[in-house]
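Asks: Assemble the complex: chain A is given as a structure, and chains B and C must be docked to it using the hints.
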Amino acid sequence: MWSDLVDLLFQAYERFSLLPLFIEIALVFIVIAIILTISAYASILFRRYKAYVHAKRIAFLSPKIEDLITEQVLLNENLDKDMPIESFEFDKAALDNKIYKKPEVRQILIDTLIRYRKNFRGEVGELLRKLYIDMVLQEDSYKKLKSMAWETKIKALVELTQMDIPIADVTLLPLTNSRNPTLRAAARNAYIQLSKNEPFKFFDIATEPILPWDQLEMFKIITTSKDIAIPNFARWVSYSTNKSIVSFCLKLIAHYDQQNAIPTVVGLLETKDHYFRANAINCLGKLTAESAEPRLVSMYNSQPIICQIEILKAMGRIASGKYLEFLKHEFLYSFNFEIQMNAARSIIKHNTQTSRAMLNELVETTNEDNRIIIKHCQNPLIKY
Amino acid sequence: MPNILVIEDDDIMLKAIRNILNKDGFNVVTAKDGKEAFEMLETAEYDIVITDLMMPYANGLEVVSRLRNDSNKRNVGIIVVSSVGNEETITEAFRLGADDYLKKPIMAGELLIRIRKLLAYKTSKALFVTKRK
Amino acid sequence: MRVITDFFTKGAFWDTIAMFYQYAVFIYGTSLLMCYGLLAMMSLANIRRYQKKNANVDYNIIVESPLAPGISVIAPAFNEGVTIISNVRSLLTFNYPKYEVIIINDGSTDDTLDKLIVEFEMVEVEYAYREKLNCKPVKRIFRSTNPAYDKLSVVDKVNGKSKADASNAGVNISAFDYYLCTDVDCILDKDTLIKLIKPFMDEETSTTKEINGDIQIQEDYKRVIASGATLRMVNSCDVDEGLMIRVRPPRRFLPRFQEMEYIRAYCLGKMGWDLINAVPNVSGGLGMFDKEISIKAGGYDSLSFAEDMDLVTRMGAYMKDNKKKYSVKYVPITLCWTEGPTTLKVFGRQRSRWGRGLAQLMNTHRKILFNPRYGRMGLIVFPYHFFYELFAPVIEFLGILFYVYLILTNQINWPYAIILIVFVYTYSVMITTMALLWDQITFKYYTTWGETIGLCLMAFLEPFIYHPLIVWFALKGYWDFVLGRKHVWGNMQRQGLGAQKKITVSAAILLKDFLNNPKRADSLYMSKSIEVTGTVFDVDKTPDGKPMIYLQTGDNIGGVQCLFTRNANINKGQDVTIKGICSAYSLEGVVVKDCSLVK
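Protein chains in written order, with this note's numbering: chain A, 1 to 384; chain B, 1001 to 1133; chain C, 2001 to 2599.
Next comes chain A alone, as it looks inside the complex (with noise of 0.2 Å):
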């Protein structure tokens, strides 16, 4: 019987073999085909049945969890009596039931946890890790932590970074370096956010780009955390080398309004890249850096049309008034739009009596297309 198989395969083998080659390509690939199109169909009746399967537990799971952090955090009665959080205590018979002893669920509770510190801070929010610790959460996450899958280790460090769990810097330094940017970028928030000593060590250090999405959660990183000691960020734009980062500080300057970084910033303005430059001059502009508008006066005429911009943008924001007669100047006689259109509304910005006056004047004497665009700028119903 055996045998007879193996005769067979080898008869068919023979006959297979006798073929001419684009029949026998084509045979293969009918065979794979074949196969491969029946798995797929496995795999997407497989992968609904799981999805199904998943939604139920979760239908099942998210009332009971919701309702465990309404009763233990939101609703507890200790709310609003000054406690400090540390002597708070959860009701141990909720909290030790059995479903939560599964991982799965454990995980469903961390995600769910996360969703509500998004929402609440304050003493809730407090509650909230705090019921994250009673649980022991917190070595969940850190098991994840360990794990060799870098996604993985990143939805570990977003939840102790959200639970503001501290991390063993060997552990997390080594990630900081990570090859892979998206791992390194959020080993490098969670460091910013939990170490207590110096926080923007980075900054010294990075000699890859931080990008703009980093940008921003490292800027609600920086500006949402209370323990935080905000630096003098003027220290990394006069001695980075790294672009991305000293761009990154004039935002953080510009926000933190550091005035006393003026002289530094006013530095940048020799760099040869223009869109570094037309970054520098809108530092200098939300500064309202008066001290800098001569110098921005100056180099004017010799930028490119993008620093102009910023310039004219710069002189409406600090509104001195010094340079009116120059702003009125490039209304005026500009042969470009959008510098025209910028001169105007930072003539409108300065706001004052003889800003008032220019404008009057110029909408009457000017011609119909400039009258235009004053109008045009001084319109409150057009926003940008």
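Quick caveat, the hints were computed from the structure, so don't treat them as lab data.
This one's a predicted model, so the numbers in the text were calculated from it and none came from an experiment.
For each residue, glycine too, the CB sits at the ideal point set by N, CA and C.
Mixed in with the good hints, there may be bad ones.
Sample of chain B residues at the chain C side, in silico, Cβ under 10 Å [said to hold, decoys possible]:
hint	residue
1	Glu-1062
2	Val-1063
3	Ser-1082
4	Val-1084
5	Gly-1085
Replies: Just chains B and C now, with coordinates in the frame of chain A:
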């Protein structure tokens, strides 16, 4: 018991605010998007409306503007609760007539205090108006 | 007859040609199928990468951030009066902190503009408008007096007979550095802006280099110039006031085939190309662009029949000409639902246009083909499109003719022919099924497994029904291109979302309904396409010389007035059925415009 309408598209936040406010003795009605919000505003009177900004159907600014342009509902207290943190949006909300703006993550205690203050202010203003009449 | 066939079948010369042709076609076909297989693998790798990378991303971060870049949403509208309000409303509820919405009324002849003005409390403003990109003149610009709608601008412009022209006008007044180009009747996800701006903000760039012993950062900046996402058919989905409630594959066959084809094109094609930074095109239905580059590249070309691919090609060429690195990114999530044509006529017109567009594009940009100066675009994207997209229909058509010839001359080796056909068939089913599996990996859009399998099964029918159609219409498009025929840019007849039924009513009842209950009649008929039956009472001409007729209603004062767009032969006393759009009601009666004679 003061009536409060809470408009919020994140169901977790919606339930949480409802629970917190209920506990403090407020009557809470919820709406999960702009469309529902407008329906709820038609059906009942509220002392305070708490609204999110970015929601399906209509954004929170539209809710604010509709309330302020309706002579019957002009005096409803409006608190905007949103994760949007840019200055323009916040000033825009106030310009349209919001009474308060809380940025997420919020402090539950702060929300309650602001609601009470707003209620107290509205009643004193209403008293003042009736006295003048 | 016999003599002729003998000449063809017995000549050694013809044998060689036939042999050569057979092998060439086999190699061509196999290599094409291998390309598909390769793309499928690359696509899977890329989808997985995207998912891993974004699994833990908190998208809300950009909503909170003051650093979020501004985005201008540009949506041209032409005679969209039926759905314009709800669609604009949904555009105003994006999850994004800093954006504006620009609606371009492209010379609509219906009430699109009026509806916008009333609903959003708009007024005309004095606007300093300058053309950066060529387009037909802009007549007026409107802004809302209600600050709740301060994101909205409406541009009223002269009809430019193309979407490209309208989009250019939108770019001209846009305020931000990035713009999203879409159609006003597309249903967009509320996270569209976040998901599409992210690729601009996290393209991995640059490396460190050691120069004279100092570690220095070498600028190796790769600029993202465009990003796009998957499109699907809205036809059978539940949509409420411009908001997607429930996704479903289309019930009707033609759009369902299209849904399958779209998923294959995105999940297999675009995502695969994205992996090696060789995305050829960002769909016209939804795409985000870097404004600076697209203006420098000249914006949309209103003469192009494939203006979306043309723009991406020109932007890429601009970057390469200036020796700058760039990339075009794709995200494997569906963010946009568009209406697919449901009739063969409209579908055929669309596909012929695409075919013609491709031929035109290859012709205009022929200097890029095989030009190493244009990098991947010249060496991968263009050759692929040239051989496998442009030529495939031609070769396929010739192949069929050849088969027919072989059958007629009885030369065919049936077993081999059948094996080859089965090979191509099973392979194409496999590729499509894989694409649908990848799609399931990214996101489970369909609620039931029945819907999913229902879509998958279309793969078995596609080679017999849908594919021949595509080939035929593509060839027709090439033919149009060769002849350079003037193409009437037919605006796709919208069914209106939520499938409207055809309304047929007699003139007398139409008027009565309006007299008795204007409000109800308004919701029943106003702005809708209706068919009115009645007897012609009087025939007249409008000021611009088009026919205008009155239908008898049995009422002494009021009538039903029908305005025609084309000349029609109608006499007094005739019984007629007229199709048109119910556009106004006053004491004198009901006005139906854009009329045409049905009977």
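Asks: State the violated hints by number, sorted upward, taking the hints as numbered earlier in the document.
Replies: No numbers; nothing is violated.
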